[in-house]
Amino acid sequence: MSSVLPPTYDRVGRHGLSPDVTHDETARFNFLTNLNVHIGQKIFPGTKLAFESRVAPAFDKAHGRALRDQCEVRDAMKCDPLYQFWAATRRSTMEMRQQSGRHVVLRQLGKMSAKAAALNAGKNTLVLDPRVTPPDYLAQVDNHWMPGSYYSEATPGDVLSGAAYEAGLFVTTAGSMSARGDGAGRALVRYLAEKFPDFKPRRILDLGAGVGVNTLPIVQAFPDAEVVAVDAAAPTLRYAHARSQAMGYGNVQFIQASADDLPFPANSFDWIQTTMFWHETSVATVRAGLKKIHEMLRPGGLTLHIEQPNFAADTPLWDRFTRDWDAWFNNEPFWRKLHMMNVFDEMAAAGFGRDRLFDGATEADIEPGMYQDWASTLSRHKPELKRADDAANDGARKGEFWYLFGAWK
Amino acid sequence: MTDIDVNALANAKAKGERPYFFDDPAVERVFSITLAVATELAVMRERLDTVERLLEAGQPVSKTAIDAFRPDNEAARERQMWHAEYINRIFRIVHQELEALKNPELNVSSKDLADKIAAS
Ligand SMILES: C[S@@+](CC[C@H](N)C(=O)[O-])C[C@H]1O[C@@H](n2cnc3c(N)ncnc32)[C@H](O)[C@@H]1O
Chain A
0 MSSVLPPTYD RVGRHGLSPD VTHDETARFN FLTNLNVHIG QKIFPGTKLA
50 FESRVAPAFD KAHGRALRDQ CEVRDAMKCD PLYQFWAATR RSTMEMRQQS
100 GRHVVLRQLG KMSAKAAALN AGKNTLVLDP RVTPPDYLAQ VDNHWMPGSY
150 YSEATPGDVL SGAAYEAGLF VTTAGSMSAR GDGAGRALVR YLAEKFPDFK
200 PRRILDLGAG VGVNTLPIVQ AFPDAEVVAV DAAAPTLRYA HARSQAMGYG
250 NVQFIQASAD DLPFPANSFD WIQTTMFWHE TSVATVRAGL KKIHEMLRPG
300 GLTLHIEQPN FAADTPLWDR FTRDWDAWFN NEPFWRKLHM MNVFDEMAAA
350 GFGRDRLFDG ATEADIEPGM YQDWASTLSR HKPELKRADD AANDGARKGE
400 FWYLFGAWK
Chain B
46 MTDIDVNALA NAKAKGERPY FFDDPAVERV FSITLAVATE LAVMRERLDT
96 VERLLEAGQP VSKTAIDAFR PDNEAARERQ MWHAEYINRI FRIVHQELEA
146 LKNPELNVSS KDLADKIAAS
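If you're matching them up, the sequences are chains A and B in order. Residue numbering for the first sequence follows this note's numbering, beginning at 0 and increasing consecutively. Residue numbering for the second sequence follows this note's numbering, beginning at 46 and increasing consecutively.
Hints should not be assumed to be uniformly reliable.
DSSO-like cross-link-like pairs, simulated, lysine-lysine; straight-line CA separation at most 30 Å [claimed, not checked]:
(1) Lys291/A with Lys336/A
(2) Lys77/A with Lys336/A
(3) Lys77/A with Lys60/B
(4) Lys110/A with Lys58/B
(5) Lys58/B with Lys77/A
(6) Lys41/A with Lys161/B
(7) Lys114/A with Lys58/B
(8) Lys336/A with Lys199/A
(9) Lys60/A with Lys194/A
(10) Lys114/A with Lys60/A
(11) Lys110/A with Lys108/B
(12) Lys108/B with Lys41/A
(13) Lys122/A with Lys194/A
(14) Lys77/A with Lys60/A
(15) Lys291/A with Lys122/A
(16) Lys114/A with Lys60/B
(17) Lys60/B with Lys110/A
(18) Lys47/A with Lys147/B
(19) Lys60/A with Lys41/A
(20) Lys161/B with Lys147/B
(21) Lys114/A with Lys108/B
(22) Lys122/A with Lys110/A
(23) Lys336/A with Lys60/B
(24) Lys47/A with Lys60/A
(25) Lys161/B with Lys336/A
(26) Lys60/A with Lys156/B
(27) Lys114/A with Lys47/A
Heads up, incomplete: computed chain A residues facing chain B, CB under 7 Å, no partners named [unchecked claim]:
(28) Lys47
(29) Cys70
(30) Arg106
(31) Gln107
(32) Tyr136
(33) Leu137
(34) Val140
Interface residues of chain B toward chain A, partial, derived using beta-carbon atoms under 7 Å [what the hints assert, rightly or not]:
(35) Ala121
(36) Ser154
(37) Leu158
It should be emphasised that the hints constitute simulated quantities derived from the structure, not laboratory data. Backbone N, C-alpha and C define an ideal beta-carbon position, used for all residues, glycine too.
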């Protein structure tokens, strides 16, 4: 049997703020999920073969030398018909997923926003600050082709951005983030329990928390801790807070602030987390953010980051091209620079002792019992990370694979 | 609440220049429309599958019943299988190109062979 079958969309974890999804909307998400799986599993490997068997040899012949870097690979691949097909399908699939997700939410936006407003009303756990404006890098292009990004509204005070983000997450990732989109947060708490079972943080910060999918497993794992989730985008936070309330998580505070200007005193957190956050920022934000994280941590505190791994000296040219692809074609402009940065050097420059740094890998933790038993969740980044020694390689829990780095203060 | 144009907003373009991958942007446009039409056919097929299953189970078929339908484990697998097979069918030409790339020795031109045989 050669077909990889993803779980169906009706298995997505629902909560009190989930949109109604009709039969045909579900079917559309199912088709788009399968289309994503197909181009990832069956067409994408062919683009590598095209590179090796015709694109690279043709370049050698024409220039009398081998390709030197990923920009040359990009320009050489541009004319390859199989690559063109893969890239155009990926683009179209993403546009359809954005369209479908937005349509589901937009047609019931008034109702959903009112529900969120009721859940948010009178709660001191949502703190919005109108002085916070979207960082310049977010304002110029919409990350991963998401119209309006995290910070735009269709109507004043609505929850469009966060709700549409959550509605489409399953489709783009083919379910590999787990049924509630919280596979990374689940993996984190499992990682901590296994690696540092004695670590009992009392105050936790999740920076760039988005809709909070990965914050909630932390809240659940440390019920006595005070958890603070920060994001720069008000509409996303409005949704995140209402969602956490609807799911019964009262003990988490959502605060609007920018990583470049965080309103917390020194020595005020035991654990500061970022999950898939830095790659949508900038060099300046990474540097200022890490410095501030060092300052905000209490001595003995921990900072952990789930991120794209940077390139190693021996990262093959093809992998450099495919990993930089999003910077050129998926509106993720910072990926390219991030891949070249050395996170250990950055952490050291921010004040962390070199002997206190560590890294590793972790795999999305798929919540048991949510998906069908025949369904597979794919691990897109696995090949890149096989060098990481302490991978959580439990075959039963196959999901997205991530690089993780951190430090103790 | 504020009146909004749901369809226009759903179709909104993401900020940033759209990359085109085919040599001719007109091809990209036709391709994108074709994929969207293919999507809608898949939606229709899944709906028909639901109607069939409701009928088979002797249940009333209505818009509400269709929206409330949740496939069981086996039905869901069959429906995903259909999507996978359908995509294989519509992408056939690309799979054949890929196969040709994998087995260059199996791409002898019939025209060349005809000329060769005729000359012998
Ligand atoms: C890819 S999302 C990450 C979501 C989340 N951590 C998760 O695991 O689902 C990136 C988030 O970072 C936020 N963001 C970007 N720049 C920021 C900044 N300078 N300060 C705070 N949040 C920022 C965006 O609004 C967005 O919600």
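Status of each hint after checking the structure:
Between Lys291/A and Lys336/A the alpha-carbon distance is near 21 Å, which keeps this suggested pair within the 30 Å criterion. About 21 Å separates the Cα atoms of Lys77/A and Lys336/A, which keeps this hinted pair within 30 Å; it holds. About 23 Å separates the Cα atoms of Lys77/A and Lys60/B, which keeps this hinted pair within 30 Å; it holds. Restraint check for Lys110/A and Lys58/B: the C-alpha separation of about 24 Å stays at or below 30 Å, so the hint holds.
Distance restraint check for Lys58/B and Lys77/A: the Cα-Cα separation of roughly 23 Å lies within the 30 Å cut-off, and the hinted pair is therefore satisfied. In summary, the hint linking Lys41/A to Lys161/B is not supported, as the alpha carbons are separated by about 36 Å, beyond the 30 Å threshold. Our distance criterion of 30 Å between C-alpha atoms is met by Lys114/A and Lys58/B, whose separation comes to about 27 Å. Using a Cα cut-off of 30 Å, the hinted pair Lys336/A and Lys199/A is violated, with the two alpha carbons roughly 35 Å apart.
For the suggested pair Lys60/A and Lys194/A, the alpha carbons sit about 52 Å apart, so the restraint of at most 30 Å is broken. With a CA separation close to 63 Å, the supplied pair Lys114/A and Lys60/A exceeds the 30 Å bound. Taking the CA atoms of Lys110/A and Lys108/B, the gap is near 22 Å; set against the 30 Å cutoff, the hint holds. Straight-line distance between C-alpha atoms of Lys108/B and Lys41/A comes to about 36 Å, which puts the hinted pair past the 30 Å bound.
Restraint check: the Cα-Cα separation between Lys122/A and Lys194/A comes to about 36 Å, which exceeds 30 Å; the hinted pair is violated. Between Lys77/A and Lys60/A, the direct Cα distance comes to roughly 17 Å. Compliance with the 30 Å bound is thereby established for this hinted pair. Straight-line distance between C-alpha atoms of Lys291/A and Lys122/A comes to about 28 Å, which keeps the hinted pair within the 30 Å bound. Pair hint Lys114/A plus Lys60/B holds up; C-alpha atoms about 29 Å apart against a cutoff of 30 Å.
Note on Lys60/B and Lys110/A: the hinted pairing holds, with a Cα-Cα distance of about 27 Å set against a maximum of 30 Å. A distance of roughly 11 Å separates the Cα atoms of Lys47/A and Lys147/B; the hinted pair therefore holds under the 30 Å criterion. Between Lys60/A and Lys41/A the CA atoms are separated by roughly 29 Å; this keeps the pair inside 30 Å, and the hint holds. Between the alpha carbons of Lys161/B and Lys147/B the distance comes to roughly 25 Å, so the proposed pair stays at or under 30 Å and holds.
Among the hinted pairs, Lys114/A with Lys108/B is consistent with the structure: their alpha-carbon atoms are about 26 Å apart, no more than 30 Å. About 20 Å separates the Cα atoms of Lys122/A and Lys110/A, which keeps this hinted pair within 30 Å; it holds. Restraint check for Lys336/A and Lys60/B: satisfied, since their Cα atoms lie roughly 21 Å apart, inside the 30 Å limit. At most 30 Å may separate the alpha-carbon atoms for a hinted pair to count; Lys47/A and Lys60/A meet this at roughly 19 Å.
As the CA atoms of Lys161/B and Lys336/A are separated by approximately 55 Å, the hinted pair breaks the 30 Å bound. A hinted pair counts as satisfied when its Cα atoms are at most 30 Å apart, and Lys60/A with Lys156/B qualifies at roughly 27 Å. At most 30 Å may separate the alpha-carbon atoms for a hinted pair to count; Lys114/A and Lys47/A exceed this at roughly 48 Å. A distance limit of 7 Å between C-beta atoms decides the matter here; for Lys47/A the minimum to chain B is near 11 Å, and the interface restraint is violated.
With 7 Å as the threshold, the beta carbon of Cys70/A stays out of range of chain B, its nearest partner Cβ sitting at about 15 Å, so the hint is violated. The beta carbon of Arg106/A comes within 5 Å of a beta carbon in chain B, closer than 7 Å, and the hint placing it at the interface holds. Of the supplied interface hints, the one on Gln107/A is violated, with its beta-carbon coming no nearer than about 9 Å to a beta-carbon of chain B, more than 7 Å. About 12 Å separates the beta-carbon of Tyr136/A from the nearest beta-carbon of chain B, more than 7 Å, and the hint is not met.
Interface restraint check for Leu137/A: the shortest CB-CB distance to chain B comes to about 10 Å, outside 7 Å, so the restraint is violated. A distance limit of 7 Å between C-beta atoms decides the matter here; for Val140/A the minimum to chain B is near 3 Å, and the interface restraint holds. For Ala121/B, the suggested interface contact is upheld, since its CB lies about 5 Å from the closest CB of chain A, less than 7 Å. With 7 Å as the threshold, the beta carbon of Ser154/B stays out of range of chain A, its nearest partner Cβ sitting at about 17 Å, so the hint is violated.
Because the closest C-beta pair between Leu158/B and chain A is about 23 Å apart, greater than 7 Å, the hint is violated.
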